[in-house]
Amino acid sequence: MTDAVEVRNLEKHYGQTMALSGVSFAIAEGQVCALLGGNGAGKTTTLAILLGLLLPSAGAVRVLGEDLLAHRYRVLPRMNFSSPYVDLPHRLTIAENLRIYARLYGVQRIARRITALAEELDLAELLDRAYGGLSAGQKTRVSLAKALINQPDLLLLDEPTASLDPDSADRIRGYLLGYRRAHTATLLVASHNMQEVERIAERVLILRRGQLIGAGTPQALIAQFRRNNLEEVFLDVARSP
Amino acid sequence: MPMRGRCLEASNRVLAMVLRYGYLMRGSWPRILELVYWPAMQIIMWGFISEFLREQHASLAGVSIAFLAAVLLWDVMFRGQLGVSVVFFEELYSRNLGHLFASPLRPYELVIALLIISFLRTLIGVGSAALLALWLYHYSIFRMGLPLVAFFSNLLIMGWSMGLLVSGLVLRYGLGAESLAWAGIFAIAPISGIYYPISVLPFWLRPVAKAIPASYVFHGMRMLLFHHVFDWRAFWISSALNGLYLLIGAAVFFAIFRVARVRGLFLNLGE
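As given, the protein sequences belong to chains A and B, one line each in that order.
Position 48 (the first sequence) corresponds to 48 in my numbering; numbering is contiguous.
Position 53 (the second sequence) corresponds to 53 in my numbering; numbering is contiguous.
Hints were generated in silico from the structure; no laboratory data involved.
Small disclaimer: the values here were computed from a predicted structure and weren't measured.
Don't take each hint at face value.
To be verified - With beta-carbon atoms standing in for the labels, derived distance ranges:
#, chain 1, residue 1, chain 2, residue 2, range
1, A, D167, B, Y173, 38 to 46 Å
2, A, L55, B, R31, 46 to 54 Å
3, B, F142, A, S57, 55 to 63 Å
4, B, Y37, A, S57, 45 to 53 Å
5, A, G132, B, S179, 20 to 28 Å
6, A, H71, B, Y173, 48 to 56 Å
Cβ atoms here follow ideal geometry from the backbone N, Cα and C, with glycine treated the same way.
This is chain A alone, in the form it adopts within the complex:
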């Protein structure tokens, strides 16, 4: 199995502040991988580098077989992302926002794709509403629809079920796993929801203060840290000096 993401000795510093240091990992094609860590651990920095939004200070990044730093425009059409911290234009309707991103990603048969996504993510009744007028949970689903508009091979998700009620969150997790199976897509999920991670991730990467301190299956990490579940592992990592 080939790697969809391969990161070697990644470093990022802002002046004297080290955001990432010597981070190396690989994610196999079709795998669901979770990125765990407390606030400021380096999760968003890692995702931003993988999206080409942030240049690393050192290291190599290969995404979908391409050197991301040299040829990011070759891979960007095959990737996408969603984050509750990056908005879409507030005054535009959901349909308008999706139409624009469909064009940006070169999607064919735009109307059909938007209709399909709206049905799958329960957005059909919201399509003509302005993005700014939606609830936080609805925005999360719209952001996911935007992330899936181009049927990406690599999907980077920052807290994909943030602000969703437990029922909607559960359905979205199921939907994402279904999408992964149907498209052999690779998912990298940054989340603080340990139950979510245990349910969907086959592999977990744990970051602390910009360093990768653990990598493996959820069970292997629970065993490695001698805890009962990932929640305890997370607390252990977050609270250790």
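Given the coordinates of chain A, assemble chain B onto it according to the supplied hints.
Structure of chain B alone, referenced to chain A:
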């Protein structure tokens, strides 16, 4: 991928961004009103001043016409600049840059889209003011004929250069620097020779005025209105300076785009 396919994809992305601003305008009547409101107010105020001057003395009739032409042409540059910078600010207000630049949209495609939108906004804003001048004061700027196209394009390009520069600075320093969009252009207004020739400026300020493309355009406008000749020399100098400044504006914007990728500004832009 063959060149034709790449060009088609690029134009589709540019079209997507133009469409994005089209949707924004369609959904917001204050924005549409704002497009024509300020040019209309300018022309109404300066129109009355011109009328007053004409009533004072018949010999001032020519000057009053030059005022009206200058007001309309100055607005081309002002609207051209705002059309780039303010439209770019919309992406910052909506915190959408992260989505945009994680998509296949190239920075130069965004710039092309901004220039197209600026052209359309300027055409609507200044076009409405020109029609208002025709209706209220029976003054038609279109009587200038083809030279009007030369003046319009040179002023629009100068506005674009400034707009790119301001957008770059706001990308770098955040929305706290957005007042530059207004301050910058008004800072050069007094030395652009809009309502008076630059020969009235202090001796030491004239070389600065001569480095501003707009000063040649307004000189050309007065030559046309008062002497009925099109000053080709002024036109070429203005065009050459504009070419240079547009390159500098774009270079600054792209350089700051890279700085933004180094500093992670696309995820943290705000006040």
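Hint numbers not upheld by this structure, sorted from lowest to highest
Result: hints 2 and 6 break, sorted rising.
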